[in-house]
Amino acid sequence: MDNLPVKNTRKFKTEEHYNNSSSYHLLPFRFHRITSFKEVLVNEIGDFLLVPIGTAKAIITKSFTRNQNEELYGDLMANFFISETPIPELLDVLAVRYRTRKSFLDYFTSLHIFVITLRCEHTCHYCQVSRVNKDIDAFNMQKHHIDAGIDLMMKSPNPDITMEFQGGEALLAFDKIIYAIERTKVEASKYNKNISYVICTNLAPLTDDILHYCKNNNILISTSLDGPDYIHNQNRHRPQKNSYELAIDGIRKCRETLGEENVSALLTTTALSLKYPFEIVDEYYSQGFRNIFLRPISPYGFATHNDNKNKYETSTFLDFYKSALGRIIEYNLQGKFYREDYASIILKKVLTPFPVGYVDLQSPTGMINNVIVFNYDGKVYATDESRMLAEMNDYTFLLGTVENSYEDIFYGTKALELSEYWLNETLPGCSECAFQGYCGSDPVFNYATQGSLVGFRPTSAFCQKNMEIIRYLFELMDSDKRIEKIFKSWIVGRT
Amino acid sequence: MPKLLQLLKRRKVNCKIIDSTIELLIDESIYSVDVLHKCFYWYSSGYDITILRSDIADGCLQVQISPKNKSNEFEADCLISRIKQDLIDYKLRDIVTKETQSIRELIIAKAFAYYNLDTNPATDVSDPVGFNPNHVNG
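Line by line, the protein sequences give chains A and B.
Position in the first sequence (first residue = 1) + 13 = the working numbering.
Position in the second sequence (first residue = 1) + 119 = the working numbering.
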């Protein structure tokens, strides 16, 4: 009996124990004004509290006490904004939560983009890469490059890989796609990889044979729809001026054969689109889509290295975004599920402990860590946008060729050099930003628009856009509980 | 220290406007160089910013702000009031950053360290009925 351990029993503690909390220790958090009345506090793991202006100051200067507002004190304690001990008792929980938010890094590169051809039968005015006649075979990816790309892809530590075929117009080289998929199937079974296949296409060259191959191989179709015909056909030039009709017809055929869930559409926002937020939102809904991705204008080409123009374009885009988002919310208020994807990506980061696999809003950035591009000529680039820069003769983000070793490409000198700039935790202007955990770093964007990998936040279109969209989402959630409920439905799916 | 400078030091931020340049004299014991750099970084797109150690007041930093072009010309009162608010905000951010630096490092180090968790909980086990799970043979 003497060897029995002393029994630990739950003891009632005296009143003093609970009241002896006038002093507390700060935990890492940041703050930002949302409106004239409210500010948001965001901690290191992305949990937030919306509080009246001045709350952050009171907490940080320790003029705030438990007695002033017991409920707030409890929220601050429970959500890891303050701690009553110098090192919080639940430090391990904080560490696990932090790791969870960065868990997109666990398996390394997932998305492998094969630019299977540069040929295209469209001549879109904003396209930097595809102004090549469709009959020139030299712009197709050669088989030995495809083989080498697949070999590199199999070396990724990630068991779940997405193999995405892009162009030009990828379907113009469908024989190459078949070759690549058939070889990948053999290799994937050797290396035990789960592969998801995606073809990005404008659907104009779609045939029944292509559709059946896609059906038999569970290939997802990602197409483009820029809005009603008068926007789509203006953006996407074809000699016959029928890009819209072909896209709509192609979407219908894909849905019939592959199923609705295997067809998605992406919006390319252009200067013309900015005038038609409602029409674009309505077009997507009437075509049966229940989500839309209001992507900002790509800076590659028309807005590079011009701070004033970037700023103007960004504020015009933000007006467009808010109008379109308002329209989408109206649909939801009428009981119709309709999701905006960019907001959903941010909201998932805000409202859940989990990261989102969206390469443009990650820190460390998505380039190399989550995405790699094998170009038609065998060159390997850090992102899709990097190869667009290369088409403008800028090879800053060229990592090597498919013949190089995996280590040289993914862990080589260039990758190491780029890694200096891919954490927003260390970038000027981002390091103390409240939205750091919801945002990301994009050295390619910085370089393309400002000529510097670090970037300059006060004139950065990336910063201006994301700061305002994130602030606006908080404002909307705070202003109307129905909107908060709608936003929650977007991150869990249909309700 | 001359009387004027003592008076100056009693205020955290003093302002002077010469032509189109605002000169601020800032008590360094209140706002450190770090805070100033982080705050005025955001003004540096529209204004030329110079941060110097003051040669007229000990322990003070001098900030000169002048518009880069005509379109950035300022309503002085409005700009100064915005700067004062931003200085406070960046001072608060600086306090959090410095006070929580080691906790932040601990969180990140633990998050990315591959370590085996103790099989037994580190905290006291509440055991009101005398059943101690640590003494159960597997």
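Think of the hints as simulated: they come from the structure by calculation, not from any bench.
Accuracy of the hints is not assured; some may be wrong.
[What the hints assert, rightly or not] The calculated lysine-lysine pairs, modelled on BS3-like cross-linking and capped at a C-alpha distance of 27 Å, are:
(1) A/K254 with A/K266
(2) A/K335 with A/K228
(3) A/K115 with A/K349
(4) A/K75 with A/K156
(5) A/K51 with B/K203
(6) A/K335 with A/K288
(7) A/K51 with B/K217
(8) A/K288 with A/K266
(9) A/K70 with B/K203
(10) A/K75 with B/K187
(11) B/K135 with A/K75
(12) A/K361 with B/K203
(13) A/K115 with B/K203
(14) A/K115 with A/K361
(15) A/K70 with B/K187
(16) A/K51 with A/K501
(17) A/K203 with A/K501
(18) A/K115 with B/K229
We went through each hint and held it up to the structure:
Between A/K254 and A/K266, the direct Cα distance comes to roughly 20 Å. Compliance with the 27 Å bound is thereby established for this hinted pair. Between A/K335 and A/K228, the direct Cα distance comes to roughly 38 Å. Violation of the 27 Å bound is thereby established for this hinted pair. For the hint pairing A/K115 with A/K349, the CA-to-CA distance comes to about 34 Å; that exceeds 27 Å, so the pair is violated. Among the hinted pairs, A/K75 with A/K156 is inconsistent with the structure: their alpha-carbon atoms are about 66 Å apart, more than 27 Å.
Among the hinted pairs, A/K51 with B/K203 is consistent with the structure: their alpha-carbon atoms are about 19 Å apart, no more than 27 Å. Under the criterion of a C-alpha separation no larger than 27 Å, the hint pairing A/K335 with A/K288 is consistent with the structure, at around 13 Å. Pair hint A/K51 plus B/K217 holds up; C-alpha atoms about 25 Å apart against a cutoff of 27 Å. In summary, the hint linking A/K288 to A/K266 is not supported, as the alpha carbons are separated by about 30 Å, beyond the 27 Å threshold.
Distance check on the hinted pair: A/K70 and B/K203 sit about 14 Å apart at the alpha-carbon level, within 27 Å; holds. The straight-line distance between the Cα atoms of A/K75 and B/K187 is roughly 39 Å, outside the 27 Å bound, and the hint therefore fails. Our distance criterion of 27 Å between C-alpha atoms is broken by B/K135 and A/K75, whose separation comes to about 33 Å. About 35 Å separates the Cα atoms of A/K361 and B/K203, which puts this hinted pair outside 27 Å; it is violated.
Straight-line distance between C-alpha atoms of A/K115 and B/K203 comes to about 36 Å, which puts the hinted pair past the 27 Å bound. With a C-alpha separation of about 14 Å, the suggested pair A/K115 and A/K361 falls inside the 27 Å cut-off, and the hint holds. Restraint check for A/K70 and B/K187: not satisfied, since their Cα atoms lie roughly 32 Å apart, outside the 27 Å limit. The straight-line distance between the Cα atoms of A/K51 and A/K501 is roughly 21 Å, inside the 27 Å bound, and the hint therefore holds.
Between the alpha carbons of A/K203 and A/K501 the distance comes to roughly 41 Å, so the proposed pair goes past 27 Å and is violated. Straight-line distance between C-alpha atoms of A/K115 and B/K229 comes to about 13 Å, which keeps the hinted pair within the 27 Å bound.
Hint violations for this structure: numbers 2, 3, 4, 8, 10, 11, 12, 13, 15 and 17, all remaining hints satisfied.
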